[in-house]
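> One letter stands for each residue in the lines below.
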Amino acid sequence: MSARSTRWRQPSVLPGFGLSFGFTLAWLTLIVLIPLATIFLKAAGLGWSEFLAVGFSPRAMAAYQLSFGTAAAAGLVNAVFGLIVAWVLVRFDFTGKQVVSALVDLPFALPTAVAGIALTALYTPEGWIGQFLEPLGIKVAFTWIGITIALVFIGLPFVVRSVEPVLADLGREVEEAAATLGATRWQTFTRVIFPAIGPALLTGFALAFARGVGEYGSVIFISGNMPGRTEIAPLLIVTQLEQYAYAGATAIAVVMMLASFAVLLLINLIQAASRWRMGA
Amino acid sequence: MIHLRGITKQFGDYPALHGIDLDVAPGEFIALLGPSGSGKTTLLRIIAGLEFQDSGTVLLGGEDVSRTPVADRHVGFVFQHYALFRHMTVADNVAFGLSVRRGKHRIAKAARQARAEELLRLVQLEGLGSRYPGQLSGGQRQRVALARALAIEPRLLLLDEPFGALDAKVRKDLRRWLRDLHKAMGLTSIFVTHDQEEALELADRVVVMSQGRIEQIGAPDAVYMNPETPFVSHFVGETNRLPASGGEIHFRPHEITVTPDGSEAVLVDNVFRKGAVWRAEGLLEGSGQFVELDLPSSQDAPRLGQTIRFNPHRARMFNADGDHTQGDLP
Numbered sequence: 001m002s003a004r005s006t007r008w009r010q011p012s013v014l015p016g017f018g019l020s021f022g023f024t025l026a027w028l029t030l031i032v033l034i035p036l037a038t039i040f041l042k043a044a045g046l047g048w049s050e051f052l053a054v055g056f057s058p059r060a061m062a063a064y065q066l067s068f069g070t071a072a073a074a075g076l077v078n079a080v081f082g083l084i085v086a087w088v089l090v091r092f093d094f095t096g097k098q099v100v101s102a103l104v105d106l107p108f109a110l111p112t113a114v115a116g117i118a119l120t121a122l123y124t125p126e127g128w129i130g131q132f133l134e135p136l137g138i139k140v141a142f143t144w145i146g147i148t149i150a151l152v153f154i155g156l157p158f159v160v161r162s163v164e165p166v167l168a169d170l171g172r173e174v175e176e177a178a179a180t181l182g183a184t185r186w187q188t189f190t191r192v193i194f195p196a197i198g199p200a201l202l203t204g205f206a207l208a209f210a211r212g213v214g215e216y217g218s219v220i221f222i223s224g225n226m227p228g229r230t231e232i233a234p235l236l237i238v239t240q241l242e243q244y245a246y247a248g249a250t251a252i253a254v255v256m257m258l259a260s261f262a263v264l265l266l267i268n269l270i271q272a273a274s275r276w277r278m279g280a
Numbered sequence: 001m002i003h004l005r006g007i008t009k010q011f012g013d014y015p016a017l018h019g020i021d022l023d024v025a026p027g028e029f030i031a032l033l034g035p036s037g038s039g040k041t042t043l044l045r046i047i048a049g050l051e052f053q054d055s056g057t058v059l060l061g062g063e064d065v066s067r068t069p070v071a072d073r074h075v076g077f078v079f080q081h082y083a084l085f086r087h088m089t090v091a092d093n094v095a096f097g098l099s100v101r102r103g104k105h106r107i108a109k110a111a112r113q114a115r116a117e118e119l120l121r122l123v124q125l126e127g128l129g130s131r132y133p134g135q136l137s138g139g140q141r142q143r144v145a146l147a148r149a150l151a152i153e154p155r156l157l158l159l160d161e162p163f164g165a166l167d168a169k170v171r172k173d174l175r176r177w178l179r180d181l182h183k184a185m186g187l188t189s190i191f192v193t194h195d196q197e198e199a200l201e202l203a204d205r206v207v208v209m210s211q212g213r214i215e216q217i218g219a220p221d222a223v224y225m226n227p228e229t230p231f232v233s234h235f236v237g238e239t240n241r242l243p244a245s246g247g248e249i250h251f252r253p254h255e256i257t258v259t260p261d262g263s264e265a266v267l268v269d270n271v272f273r274k275g276a277v278w279r280a281e282g283l284l285e286g287s288g289q290f291v292e293l294d295l296p297s298s299q300d301a302p303r304l305g306q307t308i309r310f311n312p313h314r315a316r317m318f319n320a321d322g323d324h325t326q327g328d329l330p
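Residue numbers (our numbering), protein chains in the order written: chain A, 1 to 280; chain B, 1 to 330.
These are calculated hints, taken from the structure and not from any lab test. Hints may be right or wrong, so weigh each one.
To be verified - Computed list of chain A residues with no C-beta within reach of chain B, every gap over 12 angstroms:
hint: 1; residue: Gly22
hint: 2; residue: Trp128
hint: 3; residue: Ala196
Stated by the list, open to error - Below, simulated SDA-like cross-link-like pairs (lysine to any residue); rule was C-alpha separation at most 20 angstroms, straight line:
hint: 4; chain 1: B; residue 1: Lys169; chain 2: B; residue 2: Gly138
hint: 5; chain 1: B; residue 1: Lys169; chain 2: B; residue 2: Gln140
hint: 6; chain 1: B; residue 1: Lys109; chain 2: A; residue 2: Thr188
hint: 7; chain 1: B; residue 1: Lys104; chain 2: A; residue 2: Thr124
hint: 8; chain 1: A; residue 1: Lys139; chain 2: A; residue 2: Thr124
hint: 9; chain 1: B; residue 1: Lys274; chain 2: B; residue 2: Gly247
hint: 10; chain 1: B; residue 1: Lys104; chain 2: A; residue 2: Phe261
hint: 11; chain 1: B; residue 1: Lys109; chain 2: B; residue 2: Gly138
hint: 12; chain 1: A; residue 1: Lys97; chain 2: A; residue 2: Thr112
hint: 13; chain 1: B; residue 1: Lys274; chain 2: B; residue 2: Glu201
hint: 14; chain 1: B; residue 1: Lys169; chain 2: B; residue 2: Gly139
hint: 15; chain 1: A; residue 1: Lys97; chain 2: B; residue 2: Asp204
hint: 16; chain 1: B; residue 1: Lys109; chain 2: A; residue 2: Gln187
hint: 17; chain 1: B; residue 1: Lys169; chain 2: B; residue 2: Ser130
hint: 18; chain 1: B; residue 1: Lys104; chain 2: A; residue 2: Lys42
hint: 19; chain 1: A; residue 1: Lys42; chain 2: A; residue 2: Phe261
hint: 20; chain 1: B; residue 1: Lys172; chain 2: B; residue 2: Gln124
hint: 21; chain 1: B; residue 1: Lys183; chain 2: B; residue 2: Met1
Ideal placement from N, C-alpha and C gives every residue a C-beta, glycine not left out.
Turn these sequences into a full structure, and let the hints guide you.
Structure (structure tokens):
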């Protein structure tokens, strides 16, 4: 009834664009832009040459490389295996499906430090898994591999939850249609399923990547934190803060933020292009 | 062309098909007609290889394909909701079956495109090859799906409720068009429908199914005029049922003669125009059975509250023991 009584003001079924868009902008400003702007302000206090010296020091550069590199690697691993998990959850019914589905979300709920400690215990040379890798010459804990594993753990839900609804929407029929036309399973995957869920997979990758870049709690235990080698950028910021070098910390934060924003913007542009191409 | 022998299928505890036998001659147009849950779609999917029977054999053109995967059966399949590839152009959709061929069966891209264009002309969508499915209407999408299925030159065309998602006008046009196409191509085809009108209009033979069994197979006229079971009688066409000793008497709304000394009388409680006739509905005097009668619309419409006396002039008697008789009544 209330919808009916307000209808004379809003002839469209969707609430007014002006109002909702204004709200969106105000909300984003309050929650995202203002806090981020203060970081820029703080960093601006450094002056240009000092900003470059701190923000692009060799130690900082190594940390960026490690953070973005491991986040991208973890995002790719999650894209592949998260897709398989999502496919199984969508296409098959099995006992314990709800349990598996809940397990996928667990990395969201777990304090990241707990995950970090557990993974470190597993992958040190004396750990359950580490002891088998050690003789093979593979060191996981306290290397970039360990960091990647921690980021894979915390990023898994992003890919699964992004791809799942799109895969469900795509429907079994499309796969069946491809099969009736003579396509092998592999052809069906590469030419029918993958292009259709590509944008969602990219979203999942972007979210997992973004989370990985900013991740702190689970990584610091397994990384070993050796400056220039296994020190991630967020840790470098915390280190600066502990030395009361607030401006230096914000300089590194600004560089990270701009780089992350550039990557996310690129991914969004690719998605917009693919949506446009599908005529949706 | 197709020989099905003793096909059974069970989904969990639910028996979907109980021993289906069916033979289809080359070039025939067959309708699988039945309500939802009758097993008609399951049977179609078993013929395609999208589902596998628990027991029984499927022969296509003399070859036992009972365990052959769908990709190797060479059967065209059209889905109710089109199942087009949204990220491909219409032309790429149509050419998909040719583009996935491997080894010595590979076809050059130019030849594939030419073939796709030819098929789009066949389904009257020439010039739309570069569009995406999202930019087409429902009827156009279904024709793309048909062209895509025909592109692989299937030995058999299977259609699952092909008009189910379309509105009435488009459905009627597409129906006529599909019948003409079948006449021109002579491709053995089976379609599934729950719409008896569609089955009677299109098919050479109608297979009426109910609860996983075939109730009757016959030409549309035979199925309509001489239903062999009470189910077929009331599922195909409209039927009035009168209780009788030892069974039921069925007659169609038009199989009556109105006469003042008729043995049955109905008190009319609803009248409307149904195409070329008046449809009068009401309860029979005595038994209180609901009946529908068709009266010529060249006469005045029956009035509400009027009593019409009539005799069924043609009817079928279904005995409780499964026997039936039918014919003209005096």
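> A separate judgement is required for each hint: does it hold in the structure or not?
Hint-by-hint comparison with the structure:
Every C-beta of chain B lies more than 12 angstroms from that of Gly22(A), the closest at about 31 angstroms, which supports listing it as non-interface. Residue placement check: Trp128(A) keeps its beta carbon more than 12 angstroms from all beta carbons of chain B (closest about 40 angstroms). At roughly 5 angstroms from the closest C-beta of chain B, the C-beta of Ala196(A) falls inside 12 angstroms, breaking its exclusion from the interface. Simply put, Lys169(B) and Gly138(B) have alpha-carbon atoms about 12 angstroms apart, close enough for the 20 angstroms limit, and the pair holds.
Among the hinted pairs, Lys169(B) with Gln140(B) is consistent with the structure: their alpha-carbon atoms are about 13 angstroms apart, no more than 20 angstroms. As the CA atoms of Lys109(B) and Thr188(A) are separated by approximately 19 angstroms, the hinted pair is consistent with the 20 angstroms bound. The hinted pair formed by Lys104(B) and Thr124(A) fails the criterion: a straight-line CA distance of about 54 angstroms is larger than 20 angstroms. For the hint linking Lys139(A) to Thr124(A), the alpha-carbon distance of about 8 angstroms falls within 20 angstroms, and the restraint holds.
For the given pair, Lys274(B) sits about 30 angstroms from Gly247(B) by alpha-carbon distance, which is inconsistent with the 20 angstroms threshold. Restraint check: the Cα-Cα separation between Lys104(B) and Phe261(A) comes to about 49 angstroms, which exceeds 20 angstroms; the hinted pair is violated. With a C-alpha separation of about 28 angstroms, the suggested pair Lys109(B) and Gly138(B) falls outside the 20 angstroms cut-off, and the hint is violated. Under the criterion of a C-alpha separation no larger than 20 angstroms, the hint pairing Lys97(A) with Thr112(A) is inconsistent with the structure, at around 25 angstroms.
Pair hint Lys274(B) plus Glu201(B) holds up; C-alpha atoms about 19 angstroms apart against a cutoff of 20 angstroms. Of the supplied pair hints, the one linking Lys169(B) and Gly139(B) holds, its CA atoms being roughly 10 angstroms apart against a limit of 20 angstroms. Note on Lys97(A) and Asp204(B): the hinted pairing is violated, with a Cα-Cα distance of about 46 angstroms set against a maximum of 20 angstroms. Using a Cα cut-off of 20 angstroms, the hinted pair Lys109(B) and Gln187(A) holds, with the two alpha carbons roughly 17 angstroms apart.
Between the alpha carbons of Lys169(B) and Ser130(B) the distance comes to roughly 27 angstroms, so the proposed pair goes past 20 angstroms and is violated. A C-alpha spacing of about 68 angstroms is found between Lys104(B) and Lys42(A), which places the hinted pair above 20 angstroms, so the restraint is violated. With a CA separation close to 19 angstroms, the supplied pair Lys42(A) and Phe261(A) stays within the 20 angstroms bound. Annotation: proposed proximity of Lys172(B) to Gln124(B) holds, straight-line Cα distance about 16 angstroms (limit 20 angstroms).
Proposed proximity of Lys183(B) and Met1(B) is supported: the alpha carbons are some 17 angstroms apart, at most 20 angstroms.
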